[in-house]
Amino acid sequence: MDHAASPGRLPGAFMTPGSSSFVDFLQGHAPTLLPGMRDLTGGEAPATPHGTTIVALAFDRGVVMAGDRRATMGSMIAHREIEKVFPADEFSAVGIAGTAGLAVELVRLFQLELEHYEKIEGTLLSLDGKANRLSTMIRGNLGLAMQGLAVVPLFAGYDLDRGVGRIFSYDVTGGRYEERDHHSVGSGSVFARGSLKKLWRPGLEATAAVRVAVGALVDAADDDSATGGPDESRRIFPVVASVTAAGYVRVPQDELGRIVEDVLDERRAEHRRDRRETGGIDR
Amino acid sequence: MSMPFYVSPEQLMKDRADYARKGIARGRSVVVLQYEDGIAFATENPSRALHKISEIYDRIAFAAVGKYNEFENLRVAGVRYADLRGYSYDRKDVNARGLANAYAQTLGTVFTTESKPLEVELVVAEVGDSPAGDQIYRLSYDGSVADEHGYGHVVMGGQAERLGTVLAEEWRAGMSLPEVLSVAVRVLGSAGEGEQGEPRAIAASQLEVAVLDRTRPRRAFRRLTSSLLEELLAVAPPPA
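The listed protein sequences correspond, in order, to chains A and B.
The numbering of the first sequence is the working numbering, which starts it at 1 and goes up by one.
The numbering of the second sequence is the working numbering, which starts it at 1 and goes up by one.
No lab work stands behind these hints: they were computed from the structure.
Idealized CB from N, CA, C, for every residue including glycine.
It cannot be assumed that every hint is accurate.
Computed footprint of chain B on chain A; a stretch qualifies when at least three of its residues, placed anywhere within it, have a C-beta under 8 Å from a C-beta of chain B [as the list claims (entries may be wrong)]:
(1) 55-61
(2) 69-78
(3) 106-116
(4) 242-249
Only part of the chain A face toward chain B is listed, based on derived beta-carbon distances under 8 Å [unchecked claim]:
(5) 8
(6) 10
(7) 15
(8) 162
Here are the simulated lysine to aspartate or glutamate pairs, DMTMM-like style, with alpha carbons at most 20 Å apart [stated by the list, open to error]:
(9) 22(B) <-> 114(B)
(10) 92(B) <-> 44(A)
(11) 198(A) <-> 222(A)
(12) 67(B) <-> 121(A)
(13) 116(B) <-> 142(B)
(14) 67(B) <-> 10(B)
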């Protein structure tokens with residue numbers, strides 16, 4: 001199995017039995033392609049786009065995850081329609097906050113890791129297995145995180161064994177924490193969490209769960225400058241996806257548009273009522 | 001010191017080819033058929049876990065006959081090859097031709113340089129946007145590659161020649177999925193037990209069937225489980 005002796009032939013590492021993990025395979029065969037494996041000199045990290053608020057909540061048949069569309073670089077808006085919520089595989093979703101470039105690469109590798117396992121083994125990883133795998137991958141990024149290039153994902157999926165939706169949050173060291181009912185990460189998460197606490201209730205059905213997620217993002221955007229609210233003039237809405245026994249489904253743009261309008265109308269109506277009651281000018 | 005034996009290269013290669021062919025002939029056949037919405041793969045395989053047909057990448061599948069450990073090793077290598085390529089470049093840059101070439105080199109090198117050839121025969125297939133864009137490559141134990149596109153159907157394995165004749169009579173372009181599946185089952189069943197056995201009816205539970213369905217969005221590969229297969233076979237029209 002000497003690669004050099006016969007060029008063109010699949011390298012020995014490809015033919016070695018064993019690992020079902022793509023990351024492990026890369027580590028042996030092409031470690032430079034792995035994120036977090038690069039040597040970096042010390043010093044301050046350069047300014048890079050950051051992704052912000054992600055929310056996830058459980059509902060009666062699964063989980064809903066949503067992310068705003070803004071990426072910021074310092075006080076500047078770097079991008080207005082970045083996507084921060086992705087399908088990890090058919091039955092799970094991953095949302096990312098933190099250094100956008102690294103986070104997107106991490107998601108790409110995570111998606112591939114799950115798919116690779118599925119193809120090699122002919123079966124899906126358990127939801128806990130997927131969550132642990134993500135943990136290891138974040139830990140691999142610790143060196144960069146120490147320099148300020150941190151990635152903090154939120155992972156949610158449908159547990160096929162238990163028949164419920166589950167949510168996992170992480171810290172920069174790869175610590176994994178299972179959350180009850182709902183959670184949010186990113187700079188706007190303080191406000192989103194407050195909002196989720198008030199809006200979420202047990203046994204929500206699918207559309208109501210999407211409304212709660214959108215509402216939480218609107219609240220986060222209201223108070224956090226790094227979180228973008230729904231952009232009505234450009235019609236850029238958050239990315240909202242649900243994961244149920246039927247798999248990962250992104251809420252279609254027109255349906256989401258209606259829900260966003262609804263949430264905003266409701267907020268406007270409340271605001272008007274508020275002004276009337278307090279004797280404001282907006283009669 | 002004794003003189004080493006002289007064996008002519010022709011004899012050496014012939015012996016190896018005979019050896020590989022014998023190994024392959026022991027296994028059951030796999031049929032690969034184009035239909036209007038994709039490519040179907042079928043084989044008689046009572047095992048639910050040890051597959052002869054697998055997904056390699058979004059639009060690419062793999063089917064094999066011969067020695068399980070050898071083609072399983074090649075399958076895993078193919079998945080690694082495709083995933084690495086897709087990760088380094090883009091998912092669009094992974095194609096069946098590149099994979100078929102890598103397999104051909106590997107099979108050819110093993111055949112000529114190692115003491116024992118691989119006792120396998122493979123098909124690497126990719127679905128395109130239309131039947132004309134489909135690619136089907138058949139690879140032999142010695143590394144030879146045949147581009148089977150244009151024929152629309154391939155048989156590999158023990159009684160490939162006999163089954164190929166039956167298949168060529170029954171298959172035509174533009175068939176629906178239930179139609180090609182019923183053709184596949186009849187063709188596989190025409191290889192009776194033993195050399196001159198009677199045609200058999202193979203139960204859906206004894207079949208391993210998968211498709212590359214071009215109408216599916218990203219990952220085109222789908223296994224047809226026995227309950228779904230029974231439904232599909234039930235709607236198929238009787239043979240003309």
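How the hints compare with the structure:
no.	hint	in the structure
1	55-61	violated (count 0)
2	69-78	violated (count 0)
3	106-116	holds (count 5)
4	242-249	violated (count 0)
5	8	4 Å, holds
6	10	5 Å, holds
7	15	5 Å, holds
8	162	23 Å, violated
9	22(B) <-> 114(B)	18 Å, holds
10	92(B) <-> 44(A)	37 Å, violated
11	198(A) <-> 222(A)	16 Å, holds
12	67(B) <-> 121(A)	19 Å, holds
13	116(B) <-> 142(B)	11 Å, holds
14	67(B) <-> 10(B)	25 Å, violated
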